[in-house]
Amino acid sequence: MHYEARHCTHCGTALQAIILAEDGGYKERLRCPACGWTHWNNPTPVLAAIVEMDGKVLLARNAAWPGKMFALITGFMEAGESPQEGIAREVKEETNLDVRSTTLVGAYEFLRMNQIIIAYHVVAEGEVRLSPELVDYRLYDLPDLRCWPAGTGYALADWLRTRGHEPVFFTAEENAERRRGLDDPQLQLPKD
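Each residue of the sequence shown is one higher than the one before, starting from 1 at the first, in full-length UniProt numbering.
Just so you know, not all the hints are guaranteed correct.
[Said to hold, decoys possible] Subject to a maximum C-alpha distance of 20 Å in a straight line, what follows is the list of computed SDA-like cross-link-like pairs (lysine to any residue):
| no. | residue 1 | residue 2 |
| --- | --- | --- |
| 1 | Lys68 | Pro132 |
| 2 | Lys92 | Pro45 |
| 3 | Lys68 | Leu145 |
| 4 | Lys56 | Pro167 |
| 5 | Lys92 | Glu109 |
[Unchecked claim] For each label pair, taking beta carbons as the anchor points, the in silico distance ranges come out as:
| no. | residue 1 | residue 2 | range |
| --- | --- | --- | --- |
| 6 | Gly181 | Asp144 | 33 to 43 Å |
| 7 | Ala34 | Glu4 | 17 to 27 Å |
| 8 | Arg89 | Ala172 | 32 to 42 Å |
| 9 | Gly67 | Asp23 | 43 to 53 Å |
| 10 | Pro43 | Arg138 | 21 to 31 Å |
| 11 | Gly80 | Gly181 | 29 to 39 Å |
| 12 | Leu20 | Leu130 | 32 to 42 Å |
| 13 | Pro33 | Glu125 | 54 to 64 Å |
If you're looking for bench data, these hints aren't it; they were derived computationally from the structure.
Built from N, CA and C at the ideal position, the CB exists for glycine as well.
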């Protein structure tokens, strides 16, 4: 679901598209004509984890996703926490696993959702107990992992390369099948 700012967060006036000079030149942004507040529309930082447990990678299925769609553990970064603290918290909240080590994989654009994904490889241990947000998980041997053509799928592919595995991506048809139902505008579901 995508929300768009319509009113000033300071005074409540309806925002307008106003062009002003900025450091990089003139830029049109939603701005408040009353108090001058600017809606910068910065991308939201999202954390993603390639969760390794006993040498296998855990992929999970969100309750709102189709049955064939599994992906990385993800979540929004909270104010006051580092990305490393945030991904450990997300893994614990969503899977009950304890993160023992964290390594940055990279940062990935997710333009459709105006997000920047900060992806980590985490080694975790414990007993998997899924949060209500998730309904299923699978553990994959590295050669059996398939990547998807979106931010977290590219992160998984980059990580697989560091492990000596050339990533295999879903074909366009396979990816469409695993996502069937997500692109329906009537279904306002989260996407991977």
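Here is what the structure says about each hint:
Our distance criterion of 20 Å between C-alpha atoms is met by Lys68 and Pro132, whose separation comes to about 18 Å. Between the alpha carbons of Lys92 and Pro45 the distance comes to roughly 19 Å, so the proposed pair stays at or under 20 Å and holds. Restraint check for Lys68 and Leu145: satisfied, since their Cα atoms lie roughly 14 Å apart, inside the 20 Å limit. A distance of roughly 15 Å separates the Cα atoms of Lys56 and Pro167; the hinted pair therefore holds under the 20 Å criterion.
Between Lys92 and Glu109, the direct Cα distance comes to roughly 25 Å. Violation of the 20 Å bound is thereby established for this hinted pair. Separated by about 24 Å at the C-beta atoms, Gly181 and Asp144 break the suggested range of 33 to 43 Å. A C-beta distance of roughly 19 Å is found between Ala34 and Glu4, which places it inside the suggested range of 17 to 27 Å. In this structure, Arg89 and Ala172 meet the distance hint of 32 to 42 Å, their C-beta atoms being roughly 35 Å apart.
Between Gly67 and Asp23 the Cβ separation comes to about 48 Å, which falls inside the hinted range of 43 to 53 Å. The hinted range of 21 to 31 Å is satisfied by Pro43 and Arg138, whose Cβ atoms lie roughly 30 Å apart. Between Gly80 and Gly181 the beta carbons are some 36 Å apart, a value that agrees with the proposed interval 29 to 39 Å. About 47 Å separates the C-beta atoms of Leu20 and Leu130, a value inconsistent with the hinted range of 32 to 42 Å.
Between Pro33 and Glu125 the CB atoms are about 55 Å apart, so this pair conforms to the stated range of 54 to 64 Å.
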